[in-house]
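Asks: Let the hints inform the model, and build the full structure from the sequences given.
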Amino acid sequence: MIEWDDYWRKYSISKAERWLILERDKIINFYLDKINSSKKEVIEIGCGYGSNIKLIKEGRDDVECHVLDNSSVAIEMIKEEIPNAFVADCRNTPFVNNKFGLIYSAGLMEHFKDEKPFLKEMKRILKDDGYLITFIPARYSLWKLYQLLHFGRWKHGYEKSYTYDGLKSLFSNNGFSVVKIVGLDPFSINGFIMKLFNISFSPIIKRSMVRSGYTELCVIAQKLSSSVASAKS
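Using the numbering used here, the first residue of the sequence shown is number 4, and each one after it goes up by one.
Wrong hints could be hidden among the right ones.
Straight-line distance between alpha carbons at most 16 Å, and here's what the computed EDC-like set of lysine to aspartate or glutamate pairs gives [what the hints assert, rightly or not]: (1) LYS198 to GLU20; (2) LYS102 to ASP117; (3) LYS116 to GLU162; (4) LYS209 to ASP65.
No lab work stands behind these hints: they were computed from the structure. Model, not experiment: these values are computed from the prediction.
Replies: See below:
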């Protein structure tokens, strides 16, 4: 299993990952624009290198940026650029209720065998009209095949993948209304070519015939209203 402090200490971004980061950035900014506030409090949970939060800070002056990670190395490396940086478990954060207008994570939720504590904490710190955005591995892709070929010795430790319908059920059963689920990189074909040849390009294939057939699925969700949540429980 990977030691995350060591991982972030040695981390570098490939051209394929840079492309994915830019695709995530488009989605995050789209929902930031929907928040009606002069100062929007945003946090990247499990920030690691903080690629997306750095882009947000560079590109917007209406956002107050925060980051949280369980790796002290990751936080030490980013806190000069993002002073609101916290070392903590994302299932037990130091924040007050209803703090953030937008919370997002990438490559985080899939590492939990039980996602419920994570989703419960995200719901607690998310504003009632805010957005929770999370990017996770999709079930049917070359990335999933690559993981399976390690025969249980995947360096990132425990990691699951998700289907479109499974995500809708998971979020709705944990107090969220799913606004949208978006797929990034059909079957990982574009990312595979970028990594193989160390190049970047505008994607040739943009849509999968299978809803869960992408490198990543992105879930955009909001809290269920208290009355709806009570009815579901």
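Asks: Hints broken by the structure, by number, lowest first?
Replies: 2 and 4
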